Amino acid sequence: MAAGFKTAEPQEYHRSFLKEKCRPDGRELGEFRPTTLNVGSINTANGSALVKIGNTTVICGIKAELAVPTADAPDKGYIVPNVDLPPLCSSRFRPGPPGEQAQVASQFIADIIDDTNIIKKEDLCIEKSKLCWVLYCDIMCLDYDGNLLDACIITLLAALKNAQLPKVTINKETDLPEVDTQHKRHLQINKHPVASSFAVFDDEVIIVDPTTEEESLATALITAVTDEDDQLCAFHKPGGSSLLAEKLQDCVSRAVTRNREINKLIDKVTESKKSSK
Amino acid sequence: MELDINSPVLREFGSEQSLLSKPDGSATFMQGDTSVMVGVYGPAEVKVNKEIYDRATLEVLIQPKSGMPSVRERTREQCVRETCEAALLSTLHPRSSLTLVLQVVHDDGSLLACCLNAACMVLMDAGLPMSRLFCGVTCAIDAEGQIITDPTAQQEKESRALLTFAIDSKEHNVMMSSTKGSFSMKEMQQCIAVSQKASERIFQFYRDSVKRRYSKIL
Amino acid sequence: MRETPLSNCERDFLLKGIQEKKRLDGRQTYDYRNIKISFGTDYGCCTVTLGKTRVLAQVSCELVPPKDSRPTEGIMFFNLELSPMASPGFQSNRQSELLVTLNRQLERCLRNSRCIDTESLCVISGEKVWQIRVDVHVLNHDGNLMDAASVAAISALCHFKRPEVAIQGRDVTVFSPEERDPVPLSVYHMPICVSFAFFQQGSYLLVDPCEKEELVMDGLLVLAMNKHREICSIQSSGGIMLLKDQVLRCSKIASVKVSEITELITKALENDRRARKEGGKFGFAESIAKERITVLTREEAPLDTTDIQATADGIISKADAPPEVVPSPVIVATGTGQVGEGLENTWGLEEDDEEEEMADVTERKTKEDEVMVLSDSEEEEVVILNQDGRSKRSQR
Chain A
38 MAAGFKTAEP
48 QEYHRSFLKE
58 KCRPDGRELG
68 EFRPTTLNVG
78 SINTANGSAL
88 VKIGNTTVIC
98 GIKAELAVPT
108 ADAPDKGYIV
118 PNVDLPPLCS
128 SRFRPGPPGE
138 QAQVASQFIA
148 DIIDDTNIIK
158 KEDLCIEKSK
168 LCWVLYCDIM
178 CLDYDGNLLD
188 ACIITLLAAL
198 KNAQLPKVTI
208 NKETDLPEVD
218 TQHKRHLQIN
228 KHPVASSFAV
238 FDDEVIIVDP
248 TTEEESLATA
258 LITAVTDEDD
268 QLCAFHKPGG
278 SSLLAEKLQD
288 CVSRAVTRNR
298 EINKLIDKVT
308 ESKKSSK
Chain B
17 MELDINSPVL
27 REFGSEQSLL
37 SKPDGSATFM
47 QGDTSVMVGV
57 YGPAEVKVNK
67 EIYDRATLEV
77 LIQPKSGMPS
87 VRERTREQCV
97 RETCEAALLS
107 TLHPRSSLTL
117 VLQVVHDDGS
127 LLACCLNAAC
137 MVLMDAGLPM
147 SRLFCGVTCA
157 IDAEGQIITD
167 PTAQQEKESR
177 ALLTFAIDSK
187 EHNVMMSSTK
197 GSFSMKEMQQ
207 CIAVSQKASE
217 RIFQFYRDSV
227 KRRYSKIL
Chain C
11 MRETPLSNCE
21 RDFLLKGIQE
31 KKRLDGRQTY
41 DYRNIKISFG
51 TDYGCCTVTL
61 GKTRVLAQVS
71 CELVPPKDSR
81 PTEGIMFFNL
91 ELSPMASPGF
101 QSNRQSELLV
111 TLNRQLERCL
121 RNSRCIDTES
131 LCVISGEKVW
141 QIRVDVHVLN
151 HDGNLMDAAS
161 VAAISALCHF
171 KRPEVAIQGR
181 DVTVFSPEER
191 DPVPLSVYHM
201 PICVSFAFFQ
211 QGSYLLVDPC
221 EKEELVMDGL
231 LVLAMNKHRE
241 ICSIQSSGGI
251 MLLKDQVLRC
261 SKIASVKVSE
271 ITELITKALE
281 NDRRARKEGG
291 KFGFAESIAK
301 ERITVLTREE
311 APLDTTDIQA
321 TADGIISKAD
331 APPEVVPSPV
341 IVATGTGQVG
351 EGLENTWGLE
361 EDDEEEEMAD
371 VTERKTKEDE
381 VMVLSDSEEE
391 EVVILNQDGR
401 SKRSQR
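For the protein sequence lines, the chains are A, B and C, in the order given. In terms of the working numbering, the first sequence has 275 at position 238, counting the first letter as 1, and numbering is strictly consecutive. In terms of the working numbering, the second sequence has 154 at position 138, counting the first letter as 1, and numbering is strictly consecutive. In terms of the working numbering, the third sequence has 403 at position 393, counting the first letter as 1, and numbering is strictly consecutive.
Okay, chain A solo, but in the shape it has when bound (with noise of 0.2 Å):
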């Protein structure tokens, strides 16, 4: 019977769970799926991680590869991310070149790293002008089911606390760079920024971690990034019914909470993983 009134009359369904204060999976308006985080979790990478928020599975890998630096730039290193939304992770994606939402999510993340300054750019050079760190970003989507935004962010930073480059030195005489790789060392993360999405429905009520379904039926969505300094660092909002400055107040409160508690978690993790070496 309920699947059936699911089926015929989404908004309805979620409407009289939404005037009862509490989401179809049983969540309250304001919480988060469970956020599950595993750092390391391919070897081959530089750094790695992988987080689950519900069923929305994103994986990041790290790859570190020398490069020249840009003329215009020449003691920076640069960061390149980019988003992968395969088929595999929902039927609404096709195989083929990235499509709209990909490439969304790619500049979105590209302006996170920009705008924060996570890593020192500085800090990937290695001699100005001749070489310099290049870090590509992949992130990939196994399952998508809601905010991904958030969970991209979350593996990405988690991904670069993770990472460890080897120490490198241009050999004077051969000018040559040589490759230590028994020396290697974490990266500097300044920043520690924490996506927190928001769903609004009916123009009205705003719900916190919206899954596929819901962010199909929802009339706007809403991105607050926040770091641990409860600064904003984005406050991305695309379009979708018209909110009043103080429910958008709320969202930012709520993501400011949310920081604190994926930091905890990264740091937790990130410990454990290093107290077991």
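For the record, the hints were derived by calculation from the structure and aren't laboratory data. It should be emphasised that the depicted structure is a prediction, and the values quoted were computed from it without experimental measurement. Any given hint could turn out to be false.
Claimed, not checked - DEER-style ranges, computed between Cβ atoms:
hint: 1; chain 1: C; residue 1: 104; chain 2: A; residue 2: 132; range: 19 to 25 Å
hint: 2; chain 1: C; residue 1: 105; chain 2: B; residue 2: 173; range: 32 to 38 Å
hint: 3; chain 1: B; residue 1: 83; chain 2: C; residue 2: 42; range: 45 to 51 Å
hint: 4; chain 1: B; residue 1: 108; chain 2: A; residue 2: 47; range: 37 to 43 Å
hint: 5; chain 1: B; residue 1: 87; chain 2: A; residue 2: 41; range: 40 to 46 Å
hint: 6; chain 1: B; residue 1: 65; chain 2: C; residue 2: 46; range: 38 to 44 Å
hint: 7; chain 1: C; residue 1: 176; chain 2: A; residue 2: 206; range: 30 to 36 Å
Beta carbons: idealized from backbone N, C-alpha and C, even for Gly.
Mind docking chains B and C on chain A? Use the hints.
Just chains B and C now, kept in the frame of chain A:
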């Protein structure tokens, strides 16, 4: 009050509607030197794979001035499209297509805001049914924390954060938000408040332009 | 979306008119529509309107390695774009036949005529040269795109200025416009395309066909010529046979038209230069006709922002402050942790598949006992963890 001396301004702005013969609606919007031209086609027949059974399919294309559209244009397109979708009563034209093509003519800062304003002008020109109007306002926060509205490209470059909001004409609420750089909660709320103030002037402009078009006296 | 086709009645009407030397818009056979050239605030930005046809051209440049075959020459790159704004029939990123023809013609008119001194664009021979890129966007299609595009492209090239460079050994410094004045390109001559439409197997001829006339024409002859009456390219399409006399007559007409248009471009360039020099206003905002009822402008004006602070403070103080204490995450295994619970998690941490990727895990604290509850609203199972695994629930 810290804002006394450098009180924020809106640059000179203006628009022209119905300037192209081919599209069903066309407009340019200029803010200072920033200028965007836009044309709209529709409601027209829609490709089968894009058809939505209960409303019109809206497509937004942003053409940069030189080179091919990049990922950045995709993000802008998404912002403009979803804002227009919220304002348009697209359920009145089910199984049809609306195509909005924006051509960047000159970028001197506040480009996304200009795109939004141009989009609203063109939807008005094409006479498409809308539940409300909207406008875009960009605010930049400079190194001293001062808010600059409608920044030029130079001011954007020097700024610490850049926030663009779309404000609706009904309740002056926030329809769209797109930001760059980091800022505090207070700064965001101030920017929203400034944008709401600025939006009043743009809505007045919309009203005046419609009045001018449909009055007999110049 | 498809282009509206021309009906037979319209077709017959147009052809009849042409036979009687009458055109739809009242022009004479050899008349051009009004040409308006305006320049943007950027160097190398120009819009041209030819009647209702409108194109926008933008020139840009960058330093690139030269082609191996020509190590001392700069590179010219032309890209004509049929924006879907111009006509419902145009689709973005689709190579249509019209697009290819126009691009080829533009290249032959401007690159192969060697109107720009490409050798002066060389910075370091064999290593770095300027690539000049010309983007032409068609904004409104009302026939004769070729002429409009060629006028826009050459005007933009004449208007364009590239940054000054200095060479020290093998290092190249590019100066911003504030540091050193940018330099214009050296333009040898200005080739301009003139299109002739032929009807009824070449018995009737029209200059500057509009879109409707293009739809009923039999053939098209495009002549590119400069004001010195030198022909830069001739292209005949549509499969009509032309007599030698016809071509000669066309070239005579073209030479008149070209000198008129060249004068117009020179005048427009001169006006823009004067406005810039005198510090007056220039750019597209100045070129729109303010007296039209569809045009409205507003002066720059300050905003009243007296109560901004109070509004912002009010909203922030009203909102709930975020709680200081947040739930602690549970570390399920080395390198794996979880925050929040209460929902089914199909990632089966209780199962042994975790072992594969972390072979070094020897000790796992599996605290949870499982309680399975079948939910009634959903078909899936829900795992509820008991007290031990449960941490403080998140607030709100």
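Earlier hints that do not hold, by number
Violated hints: 3 and 4; rest satisfied.
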